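Protein sequences appear in the order of chains A and B. Just so you know, this note's numbering puts 14 at position 16 of the first sequence, and the rest follows in order with no gaps. Just so you know, this note's numbering puts 108 at position 110 of the second sequence, and the rest follows in order with no gaps.
The hints are simulated quantities; they were obtained by calculation from the structure and are not laboratory data. These numbers come from a predicted model, not from an experiment. Please note that a few of the clues may not be correct.
If chains are identical, the list can't say which one is meant, so a pair holds when it fits in one copy or spans any two.
Straight line, CA to CA, 20 Å or less: simulated DMTMM-like cross-link-like pairs of lysine to aspartate or glutamate [what the hints assert, rightly or not]:
1) LYS175 with ASP217
2) LYS175 with GLU28
3) LYS175 with GLU105
4) LYS175 with GLU22
5) LYS227 with ASP209
There are 2 protein chains.
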Amino acid sequence: MSGRLMVVGLGPGDAGGLTRDAEEALRAAEALYGYGPYLDRVPAREGQARFPSDNREERGRAEAALRHAAQGADVAVVSGGDPGVFAMAASVCEAIEAGPDAWRALEIAIIPGITAMLAVAARAGAPLGHDFCAISLSDNLKPWELIERRLDAAAAAGFVIALYNPVSRARPWQLGKALAVLSQRLSGATPIILGRAVGRSDETLTITTLDRAAGLSADMATLIIVGSKETRVIARPGRSPLVYTPRATERVSA
Amino acid sequence: MSGRLMVVGLGPGDAGGLTRDAEEALRAAEALYGYGPYLDRVPAREGQARFPSDNREERGRAEAALRHAAQGADVAVVSGGDPGVFAMAASVCEAIEAGPDAWRALEIAIIPGITAMLAVAARAGAPLGHDFCAISLSDNLKPWELIERRLDAAAAAGFVIALYNPVSRARPWQLGKALAVLSQRLSGATPIILGRAVGRSDETLTITTLDRAAGLSADMATLIIVGSKETRVIARPGRSPLVYTPRATERVSA
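Isolated chain A, as found in the complex (with noise of 0.2 Å):
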């Protein structure tokens, strides 16, 4: 008798967003892990067990998850956007690493989704067609010194960059403090997409600019891209801008 664990990520929102992969793992299991709004994005089957729990108990979960699938059992914790980016991928291999043997004898099968950078960028047209990286303005498990270097060294260098946890309720500046940090390099005409709950039926996307991206209102459900020296928008009669970054550079952009 052997279990197995499955990571599954959910995408950006509604089910539109899942793959085929990821339906599949959720009718397999016989349990499902997560937080409670993603497990209620999940369509009800008989006989499945759901265990919800409260976002910030990423590590509590993923033990509790592993120690039902070494019981023997199908298991699936669920990840809203990709398990991998900033999300359950991370907390399962750290409760692994850190559990018993037979947690390391599990079958462990990571389903990827749509992560929410990917979902914005379509979005908004193709911000992310050259060179990015990803941040967390999360300060909870890193010092603020480490990412305020990191995005001075992204935007010296001309990525763009996509901005995942801008805001919490117990993280007010972190943006703010962000954007000041890019505007020592970058141009206050630099375009920024914030991107909310998109693939929700309440979805909104902003396109603005650098100098003034401070004003606006961003939550935990908010993804921010940033552009870079290269990133471009075309206006649009009766449409919303669309805003790219070219696959070529025309000179050195940093």
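For this one, chain A is given, so just place chain B on it according to the hints.
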């Protein structure tokens, strides 16, 4: 009569990686444009025209598809992985910006997909669990000096690095040079993942270290993930190791 241009991400390989939205878009399209081997992955549908083109003809393909949509048709351009990451969405935006006004009036719908780095990361564990970047090693459209500068900046700032387009017949030396640049910043023990054709029946996954990576073969179907100082490898008896980057930074890593 108004046409629509969809740019559809097929994900990494087989149909399991396709989202429902992508399937729906492919069904709705009257005409499909794309690189031949990508079109071959889309099931045939009666009455749906297909226009395969060579890998290097992105701009011409985008223009042909836009001309077709501007005649009032529902046209899809297919893209491997995610269309927004070193793929067709930026080519379409470039063509729109340079093209006739009628192209700006078209409805443009970009359907995201699982990009290669997410697929490879999922097979290996959670190497992208912390801040990371994506760099194309192709110097067809940007100067090699800029690529070296970005590699150096990313490694110095502690990003995990996903390398797209590592090698082609016309670009045989770039990967070796890139690994040499990274070796000036990173220990030889830094974990490296080479994923080839991940999501396809002939997929291979190689987990090694930076000091051994130069000898390994790679091609245009290979995606390489270079760990940071924080990236860890969990050995598992009878299973391939898990590679992950913890969410927490124990110390300022670089």
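Regarding LYS175 and GLU22, is the shortest C-alpha distance of 20 Å or less found within a copy, between copies, in both, or in neither? This pair counts as neither: shortest intra-copy Cα distance 42 Å, inter-copy 42 Å.
Between the shortest in-copy and the shortest cross-copy C-alpha distance, which are at most 20 Å for LYS227 and ASP209: within, between, both, or neither? Classified as within: same-chain Cα gap 14 Å, cross-chain 34 Å, threshold 20 Å.
Evaluate LYS175 and GLU28 at a C-alpha cut-off of 20 Å and name the case that applies: within, between, both or neither. neither (45 Å within a copy, 48 Å between copies)
At 20 Å max between alpha carbons, let me know whether LYS175 reaches ASP217 within a copy, between copies, both or neither. within (15 Å within a copy, 41 Å between copies)
State whether the alpha carbon distance between LYS175 and GLU105 is at most 20 Å within one copy, between copies, both, or neither. neither (42 Å within a copy, 37 Å between copies)
Comparing the model with each numbered hint stated earlier shows that hints 2, 3 and 4 do not hold.
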